[in-house]
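**Student:** Turn these sequences into a full structure, and let the hints guide you.
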Amino acid sequence: MSVSRSESTPNGREKQKAAFIAGTGAGLGVMIAVSLLAGQLDGDLQMIANGVGYSAAAIALACSIGWIATLDEFAQRAHYVAWYWGGSLGLAAMGALLLFVLLSPASAAESLLLDWWGASQAKAGFLTGALAAMLLPALGYTIWWLVFWLRRR
Amino acid sequence: MKNRLKVLRAERNWSQADLAERLDVSRQSVNAIETGKYDPSLPLAFKIAGLFGLTIEQIFFNDEAAQAAE
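The listed protein sequences derive, respectively, from chains A and B. Under numbering that gives the first Met the number 0, residues 0 to 152 are what the first sequence spells out, in order. Under numbering that gives the first Met the number 0, residues 0 to 69 are what the second sequence spells out, in order.
Because the hints were derived from the structure by calculation, they are not lab data. Quick caveat, the model's predicted, so the values are computed rather than measured. Even glycine gets a Cβ: it sits at the ideal position worked out from N, Cα and C. Certain hints may be false.
Quick list of the computed label-pair ranges, beta carbon to beta carbon [what the hints assert, rightly or not]:
# : chain 1 : residue 1 : chain 2 : residue 2 : range
1 : B       : E63       : A       : W148      : 51 to 61 angstroms
2 : A       : A21       : B       : T54       : 35 to 45 angstroms
3 : B       : S14       : A       : E13       : 16 to 26 angstroms
4 : A       : L98       : B       : R21       : 18 to 28 angstroms
5 : A       : R152      : B       : K1        : 16 to 26 angstroms
6 : B       : E56       : A       : N49       : 30 to 40 angstroms
7 : A       : A132      : B       : K1        : 41 to 51 angstroms
**Tutor:** So, in structure tokens, the structure goes:
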């Protein structure tokens, strides 16, 4: 999917950008809705929901690629820099979290997981790790992106 | 890297938004370039130079060159 900035008018580009953002948002919305339904549906219905969820994720990704192509080079750089440094800081925070879990008494980490998920099981532990792996770099990215813009307003 | 973008823009009575529209970038991009907080890519630098009818070196220069000129 390629969007040429030079060939599109400012008005047309704004419409393109709005369409891509709407597509990304809709895709993410469907994906989250399907995730919330996980485990509550029966057999085939759950398989269909999974398919819809994966399709929505693919649509969201395709639309986000189109959207970033509508940005000028400075705005794109803000995202790249924020992802590199903010994401790296998020990963470093993940490392710190890992050390905490490894070095703290087993009961301390377990009680945290129990408070969070209500049940001590392999799936809960995996979900905690997966969420932390997504949320911490995303948080670092968001903060770095905001600082980038505030410093260059 | 320093530049004469603000002066060149002022000579033509263009606002940052006017220049941004001519360059097909955001006003924030123009502001960041003018204040030296962002160095444009080579294609954008050529576009800026072409818009003002100058060469890139006549618009952009590094700090050492600026000090030497002074």
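**Student:** Hint by hint, say whether it matches the structure.
**Tutor:** Hint by hint, here is what the structure shows:
Roughly 30 angstroms separates the CB atoms of E63(B) and W148(A), a value that falls outside the hinted 51 to 61 angstroms. Distance hint check: the CB atoms of A21(A) and T54(B) are about 43 angstroms apart, consistent with the given range 35 to 45 angstroms. Taking the beta carbon of each, S14(B) and E13(A) are about 19 angstroms apart, inside 16 to 26 angstroms as hinted. A beta carbon spacing of about 53 angstroms between L98(A) and R21(B) contradicts the range 18 to 28 angstroms that was offered as a hint.
Checked against the given bound of 16 to 26 angstroms, the beta carbons of R152(A) and K1(B), roughly 19 angstroms apart, stay inside it. Range check, E56(B) to N49(A): about 58 angstroms between beta-carbon atoms, so the 30 to 40 angstroms window is missed. Judged by the Cβ atoms, the range 41 to 51 angstroms given for A132(A) and K1(B) holds: they are separated by roughly 42 angstroms.
In terms of the numbered hints stated before, the structure departs from hints 1, 4 and 6, listed from lowest to highest.
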